[in-house]
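Protein sequences appear in the order of chains L and B. For the first sequence, the positions run 56 to 288 when my numbering is used. For the second sequence, the positions run 1422 to 1541 when my numbering is used.
Simulated from the structure, these hints should not be mistaken for lab results.
Among chain L residues calculated to face chain B with C-beta under 10 Å, some are: (1) Val90; (2) Ala95; (3) Ile99; (4) Leu101; (5) Ser130; (6) Ile142; (7) Pro143; (8) Ala162; (9) Leu163; (10) His272; (11) Phe273; (12) Asp275; (13) Val279; (14) Phe284; (15) Leu287.
Predicted model, so just to flag it, every value in this text is computed and none were measured. Ideal placement from N, C-alpha and C gives every residue a C-beta, glycine not left out.
For reference, the chains in residue letters:
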Amino acid sequence: MTEDVMTDTQTMAPELTGNKGLVIDWSSDKQAFHVPWGKAMMWIFLLSDTFIFSCFLIGYMNVRSSTTVQWPNPSEVFALSFGGQPIPLILIAIMTFVLITSSGTMALAVNYGYRRDKKKTVLLMLATAALGAAFVGMQAFEWTKLIVEEGVRPWGNPMGAAQFGSAFFMITGFHGMHVSAGVIYLIVVAKRVGTGYYDRHRGGNYEMVEIAGLYWHFVDLVWVFIFAFFYLW
Amino acid sequence: MAHAEASQVEGHQQHPLKIYLWVWLLLFVLSAFSYMVDYMQLQGLLRWSLILLFMFLKAGFILAIFMHMAWERLALIYAIMLPPLCLLVFIGLMQIEGEYTYIMRLIAFGAAPDIVPPPH
Chain L
56 MTEDVMTDTQ TMAPELTGNK GLVIDWSSDK QAFHVPWGKA MMWIFLLSDT FIFSCFLIGY
116 MNVRSSTTVQ WPNPSEVFAL SFGGQPIPLI LIAIMTFVLI TSSGTMALAV NYGYRRDKKK
176 TVLLMLATAA LGAAFVGMQA FEWTKLIVEE GVRPWGNPMG AAQFGSAFFM ITGFHGMHVS
236 AGVIYLIVVA KRVGTGYYDR HRGGNYEMVE IAGLYWHFVD LVWVFIFAFF YLW
Chain B
1422 MAHAEASQVE GHQQHPLKIY LWVWLLLFVL SAFSYMVDYM QLQGLLRWSL ILLFMFLKAG
1482 FILAIFMHMA WERLALIYAI MLPPLCLLVF IGLMQIEGEY TYIMRLIAFG AAPDIVPPPH
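Go ahead and model the full structure; you've got the sequences and the hints to work with.
In structure tokens, the structure reads:
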């Protein structure tokens, strides 16, 4: 009970917003972020993750701009043909749409969570997890094709600059690991929503769904940058 | 506005479903556009300016609407959005370094050797 009271006072924001609100929030040795602590911590984790992915992408930029060897054309490397003409980047495009679809179902899950619609929340979260698993599956297919058929290795490949393989496996591998972890995370939270864990232990507060959603949208956000810089550039 | 204020006081992010559905649709359209950039084989300035434009639009909508940044207070927005600006300096430094290495390689090793397939 005391916990509930504390949460209420902590998340109560002063009336002023904008620049004056900014000063008030940061002054007088008091709580700066008027959000649940779990949400603030998730944002700070995502900030640190931003720097990790940025280091990978900047490293990729550096090796690509410093090599004197021709960079393999991603449009051709990632083309797939279904019987006839190869379609450029088609698998990557499908993966992008799958991930955006999963982001949409997650946003709806958060919305239904706050409406206390348990059934829809659980179903939408499981749909999100299933789409995430499908994404990882397609990525596994892509890796297999690249390694077995195209002969891409972290130290070289037949199509051009050796750094292509190392950048590709590092960046997409780390992103795929995030998606996989996200699938597990979503299933755990969905199970807790379904079994009424948050009703019993959090006074019916479904903010955990929103926090899980932040992580999932971030994974989609990172893919937007990978898609632009690695596959399209 | 009154609605947004209320949701902030509660610490909840409760918004109409419609806005999510619209942004969802928009993200699909933007993704299709960025795929078309590659499909149409656009090159040069047009190619990378369109790639960047669609990328920033998509990232912005995901952050602002799906991640609810548009409705958070400035204290949180600044704490999360300002530190990544340091990356611009990092990008600039690594770009200079990359070009330097490129020139050094050209001077020291000459033009690119023929591509050698990797040992299996």
